[in-house]
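K.L.:
Chains B and U, in that order, are what the protein sequence lines are.
Be aware that the first sequence starts at 118, since it is given in my numbering, and climbs by one per residue.
Be aware that the second sequence starts at 118, since it is given in my numbering, and climbs by one per residue.
Treat the hints with caution; some may be incorrect.
Identical copies go unnamed one by one, so any copy, or any two together, can satisfy a pair.
What the hints assert, rightly or not - Derived pair list, reagent style DSS-like, types lysine-lysine, alpha-carbon separation capped at 27 angstroms: (1) K349 with K534; (2) K409 with K389; (3) K389 with K405; (4) K399 with K349; (5) K409 with K322; (6) K534 with K399; (7) K409 with K148; (8) K148 with K572; (9) K148 with K349.
Simulated from the structure, these hints should not be mistaken for lab results.
No experiment lies behind these values; they were computed from the predicted model shown.
Protein chains: 2
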Amino acid sequence: LDYQHVQVPFEITLWIMLASLAKIGFHLYNKLPSVVPESCLLIFVGLIMGGIIYGLNDRSPPVMDSDIFFLYLLPPIVLDAGYFMPSRPFFENIGTILLYAVVGTIWNVFGIGFSLYGICQVKAFQLQDVSLLHNLLFGSLIAAVDPVAVLAVFEEIHVNEKLHILVFGESLLNDAVTVVLYKLFRSFCEMPTIKSVDVFAGVGKFFVVGLGGVLVGLSFGFTAAFTTRFTKDIRVIEPLFVFLYSYLSYLTAEMFHLSGIVAIISCAMGMKRYVEANISLKSHTTVKYFMKMWSSVSDTLIFIFLGVSTIGENHEWNWPYICFTVIFCLVWRALGVLVLTFFVNRFHVNTITSKDQFIIAYGGLRGAICFSLVFLLPDFHRKKLFIAATTVVILFTVFVQGMTIRPLVDLLAVKRKRESAPTVGEQIHIRFLDHLLAGIEDISGHWGQYYWKDKLEYFNSKYLQKILLREYDQPKSSIVLLYEKLERKHAIELAQAGQLGHGPAHPSFLCSAFLCRSSNRTVITDQKLEDTPNPDVLDNMQEILARNLYRIRRTGPAYNRHTLPGDSEPTERAKEILILRHKSL
Amino acid sequence: LDYQHVQVPFEITLWIMLASLAKIGFHLYNKLPSVVPESCLLIFVGLIMGGIIYGLNDRSPPVMDSDIFFLYLLPPIVLDAGYFMPSRPFFENIGTILLYAVVGTIWNVFGIGFSLYGICQVKAFQLQDVSLLHNLLFGSLIAAVDPVAVLAVFEEIHVNEKLHILVFGESLLNDAVTVVLYKLFRSFCEMPTIKSVDVFAGVGKFFVVGLGGVLVGLSFGFTAAFTTRFTKDIRVIEPLFVFLYSYLSYLTAEMFHLSGIVAIISCAMGMKRYVEANISLKSHTTVKYFMKMWSSVSDTLIFIFLGVSTIGENHEWNWPYICFTVIFCLVWRALGVLVLTFFVNRFHVNTITSKDQFIIAYGGLRGAICFSLVFLLPDFHRKKLFIAATTVVILFTVFVQGMTIRPLVDLLAVKRKRESAPTVGEQIHIRFLDHLLAGIEDISGHWGQYYWKDKLEYFNSKYLQKILLREYDQPKSSIVLLYEKLERKHAIELAQAGQLGHGPAHPSFLCSAFLCRSSNRTVITDQKLEDTPNPDVLDNMQEILARNLYRIRRTGPAYNRHTLPGDSEPTERAKEILILRHKSL
């Protein structure tokens, strides 16, 4: 027997196996997962495992290594989160999310830190030796909402998309703030004196960490997209690049002390649409499936390790400090959400209701990130107290809040996520409205989100797509191919029946014409199937539109929309109409 | 900058990235891969990389770690090989493969070892200090054909299936022999005296290592299949089990000093059909794709590392020893193939032609396994000579033989692999013949491969499938579903046209009836589509068959085929015919 030789891979494989089998075990009893969130069950398994190890060895079980957590377990989960991020609600609410993530987190850090310092001043609690800086440091690690915990709970309760993205987006983007504040306070703790320069440097650093992360992520993401242009002959290693580049973006960001989470999310969101277009359908299935699988395993391992690490002798118990930590975490988060939402609602038509606010505040779960950070603290005499307080806060939020949030959502009748995917009709109208709103914003001179979205789309189709997409043989999804076939068949049938060219000119055709041109890739043009337009009416409409928009273009500020018919020269326009007409047959 | 922190994962990711990019690079120039095998190009890249590292650091670049090779790089390749092993040609030629793998390898080891010892006796070569045992040890590591190198070259030249499986199967199964002989000679080298008991123990150990590997592999494979019975609710982690269990089988085998390669191959071959049936189609795509991807990356890394490790100062050059090693490797292999094939051909109708023999002998490529083994040798004063000789043999076989084998295959007009997959008609007839031959073997009392295959199939359908397959909602492939739909439509059309029951009774229907019953899963029944049988004729045929086979059953020895119509009771038979008739409508 030569166990030494295979120990490392053997034990890793066994841990993963245990995690997977635990997952299967829960799902065998269908009722259990609907009452208790999986994260709680996994922590419970971890606690039992930890108890067994503790009982057998008579010493504390191994604590989850912070390096392993940050380097190997966290990236797959964040990559999965970024890759499958619903980009529309995310960008629609980016302002609110950033406000919660940045201002909200800072508010929480200082709120918790100062009020705990206040508690430490009470002589009866015997906590006078915990300095303000240490309290702030503790606040910086306990304040941040944890994406892993939030994802695990919110995926099961199916609240509406906006609410989900607000909590989840905050939990992802607050990483930049947490990194900066945590490192700032940690270095302050080790400095003899703190100059005001250091504080300003800290504020500046926040932008560097956040925006640097975005930059690193996007550059790796675009490189990944560019690489997949050339994988046509070796489809089999395509999925690899998605993983390699996103992991590299995370590691690079970590190397430069930037926010790795922000980097990997930018990378995933940046590369997704190009990679999807470049790689084969099977590769993409593999990418998606493997990402889900990997993140699911990481997630499971994290919660099990969390449970295992809880058992042991590295805790110092102090009732007042621990209880007040839990209370302050809840109170400051609730206050922060209330205040920030008040400001957010003043500037938005689509306000955040008080029910939503409650769920946002209540959904502020803490998880493994805090836990890893508290173990990374430099050794000082009250570290064990902080570990105990962090453990209690995590267990409280995951167990109490995680288990009661579903009944509360039911009780408050919070708006749920719609079950069905939007129909083609809805998608067409959403796109149509987007273009319309972009035009209106442009004309009115208000540079809102639609304006910027349109600009970005223009930049994308003009430059990025040309560089990043493989130009030859765009992979078409089977549904598009089927649709084309049906369309051709339908056209032939119409031609044979002699009905061609006499159908009513449906106004929605105009809409589909918009869409055809504005998007390079044919996505939704099923209107054509229903009716072949009367070319005269179409021409008329285009003439009217073109003339009017030309006039506006001259009077309006900097109008340069690239997709409208009025944009091209008259001869080009005629040609385009011809092509369009040809296509519709 | 904090490079230390992320060094390990960062460097691993970069190596994989380099390997993948090199692969893309080669395929950008379409002509290159058709002339030079990819393995040569990768070694070349490795040589350049090694040269650069050597030039910059002025010391030998790091050598490929044998542990990393055996624990992390080899398993994915072998798993891929085992999972996609064409089981029919493999089992049809298992005897020949085992003969080549066991007797052939032993022949080579002793042939090379003794003749090199002869060379060492020539005083002019200054090699008298290399003992017989050391030469045999060297022979044991240099004799074995390498699966990674064989796979890399033979996948590109597309020789016929039998030839491919002979070389490839040998390269996989000789691992057991290599492990035993290598460890035997290594322990002999360290022993003061060798008793004859030790030699007999070695012979016994061979069976333990080989059969133990099979046993470990099969038990893990069946456990994996059993586990996937319960993954219905969490499809996303299904692919994981395939990888976890096969890796565990490899590690367990290595732990007990059994043959890891044999274990992982048995595991993959054992679980494949059950896992395929249990997991969803998407999971299976992921499994297949990821396996291919992973093995491709491992393969690339191995060849690059091989190149990198070649550069450096750990070589001792001795012209006669190195040249004679290459010559003996070629000569002994050629002799071995000739002699063994002579015996094989005496017992087979479908003989191995002299062209095939040449390619088998010429395709005996050596690769990374030898290389890792030679570095694992205990330190003694001539280790560097062995390293040099191994490197030269590997480079010679991969470059010279690998590059010339394709032209030689063209020149000799070796029978190629058929390009198209077998048609449904062919498949039906192959299966039909299998059943027929099993029956003939059974009746004639000759227990040949068809008899055993049939027995195994019986055991499988009677016990294994019931334990390992999920019984409810068998996943059906889309083609079966489509076929069922078409069949139903066709039946309705026939019914409407009043043609039902008057079609000609096609003899091949009988065959499809055989198949329907003998296989639980409907695979090939498209004969039904072509013609609906006349039930009377069918009944007649079944009656005749049943009666005749019953008679044979009583006279023949131990006839218990489970699938023939005659097997069931008359009432049951009538019922089955009814069901069959119902189905055919």
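K.L.:
A separate judgement is required for each hint: does it hold in the structure or not?
P.N.:
Results for each hint:
1. Proximity of K349 and K534 under a CA criterion of 27 angstroms is satisfied inter-copy only: 24 angstroms between copies versus 38 angstroms inside one chain copy.
2. For the homomeric pair K409 and K389, the shortest alpha-carbon distances inside one copy (15 angstroms) and between copies (23 angstroms) are both at most 27 angstroms.
3. With identical chains, the CA atoms of K389 and K405 are at most 27 angstroms apart both within one copy (11 angstroms) and between copies (23 angstroms).
4. For the homomeric pair K399 and K349, the shortest alpha-carbon distances inside one copy (13 angstroms) and between copies (22 angstroms) are both at most 27 angstroms.
5. In this assembly of identical chains, K409 and K322 lie within 27 angstroms of each other by CA distance neither inside one copy nor across copies; the values are 33 angstroms within and 44 angstroms between.
6. Proximity of K534 to K399 under the C-alpha cut-off of 27 angstroms is restricted to the inter-copy arrangement: shortest distance 26 angstroms between copies versus 29 angstroms within a copy.
7. In this assembly of identical chains, K409 and K148 lie within 27 angstroms of each other by CA distance solely inside one copy; the values are 23 angstroms within and 38 angstroms between copies.
8. Taking identical chains as interchangeable, the C-alpha atoms of K148 and K572 are never at most 27 angstroms apart, the minima being 49 angstroms within one chain and 43 angstroms between chains.
9. Taking the shortest Cα distances, K148 and K349 sit within 27 angstroms of each other only across copies (15 angstroms), while inside one copy they are farther apart (46 angstroms).
The structure fails to meet hints 5 and 8 from the earlier list, while all remaining hints are met.
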